[in-house]
Amino acid sequence: MPEVNVRKRVLAVEEIFHEGGPVALRPLQRAAALTVIRNPFAGSYVENIEGLMNDLKPLGLEMAHSLVKALGGDVRSIEGYGKGAIVGSAGEIEHGALWHVPGGYAMREVLGDAKAIVASTKKVGGPGTRLDVPITHINASYVRSHFDAMEVGIADAPRADEIVLALVMTTGARVHARVGGLKASEIKGEDGLR
Amino acid sequence: MSAKIRKIVTFVEETVTEMGRAVDPPTRRAAAVAVIENPLAGKYVEDLSELMTIGEELGELLTQRAIAALGIAGPSAESYGKAAAVGENGELEHAAAILHPKLGTPVRKVLGKGAALIPSSKKLGGLGVVLDIPLGHKDAAYVRSHFDGMEVRINDAPRANEIMVAIAVTDSGRPLARVGGLTKDQIKGEDGLR
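Each protein sequence line maps, in turn, to chains P and W.
The opening residue of the first sequence carries number 1 in my numbering; numbering runs sequentially from there.
The opening residue of the second sequence carries number 1 in my numbering; numbering runs sequentially from there.
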């Protein structure tokens, strides 16, 4: 398995006490783990790129573990997740798509029995590009209180031949969630949707 | 705590390679940022002592958060910096009141020493404004390898009646620093400069 060339890691943790309403009894925490890697396919069209998915699995697990640790260390406290990628200008959006499998399954493996598809987004961009990583409930995509997003970015990345890989986890609903819909307490947990 | 905190965000950056060269040991820096209500927003207030007290509280809280994020004891910190962004209903002087009179003493208490001036920047701005926190060695301002800056921003802050207050701490200088000047092993540490 070829080694993934990592330049830099960034961890961002938000602790949200309120947003103008009642102060939360348990503050909402959201964390993002970002890793800047060299894009081995930058600069030319490469037909067969799937091998990188396997190569990225250990990195995905490392990032997922670092998020759980940053959010207190207990996987049972993780309620939302999402993932994303920013591909530098010498790469293509398809290179970002390679993150779907290793990024998503790493989080589901670390969280044990997470049933919902991991919401995701990706783009091509220069250093400092911001990415709004979508977030949904880990067991039921339709839980409305957990629809959220976390903006991430790194001032000096991605360079043209790099990719920024992102994983995000949260400990709960939006801080003042009150727009109805399926509640976390109503999850059936069979199909990953409801 | 007299500051009304809406959220606290911490960022940790670790650089492990640069231009294909290993950075060994990796350089690491952290920033802790509090988003607080500006108690003086929307009116001219002559006496800024309320903000000075808030600065004192945040000096300790944010420095503790930053070293916890780095996983180091205070005395292991090498460089530091501070910055604030005032929302549009405040004035630049509000940032000065938080940053300058009282914030430094608790920062230095947490970090053990800190003979050097804490480099700072401030601005007035809207949501998502970028803060470039200047960094300098905590015991000798002329240590050239530690002249640096860390960019932070929070997409939903500062709102008009808020202030963002940031403290950055590192356990290292720039990656692959090689422009000469005073080195950290030459520090006398008496005057805060050399």
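No wet-lab data here; the hints were simulated from the structure.
Check the hints yourself; a few may be wrong.
[Unchecked claim] Derived DEER-like restraints, expressed as beta-carbon distance ranges: (1) L25(P) with G126(W): 27 to 37 Å; (2) K188(P) with S49(W): 18 to 28 Å; (3) A73(W) with E151(P): 29 to 39 Å; (4) K43(W) with E3(P): 29 to 39 Å; (5) D113(P) with G189(W): 26 to 36 Å; (6) V179(W) with E50(P): 42 to 52 Å; (7) G189(W) with K69(P): 29 to 39 Å; (8) G180(W) with E3(P): 25 to 35 Å; (9) D132(P) with L117(W): 43 to 53 Å; (10) Q64(W) with I49(P): 24 to 34 Å; (11) H18(P) with A73(W): 44 to 54 Å; (12) E94(P) with K43(W): 31 to 41 Å; (13) G20(P) with V179(W): 19 to 29 Å; (14) Q64(W) with N5(P): 46 to 56 Å.
[Unchecked claim] With the Cβ distance kept under 10 Å, some of the chain W side facing chain P (calculated, not the full set): (15) P25; (16) P26; (17) K43; (18) P75; (19) G128; (20) D132; (21) E151; (22) N155.
Just so you know, even glycine gets a beta-carbon here, dropped at the ideal spot from N, CA and C.
Hints that the structure is at odds with (numbers, increasing): When the structure is compared with the hints, numbers 2, 4, 5, 9, 10, 11, 12, 13, 14, 15, 17, 18 turn out to be violated.
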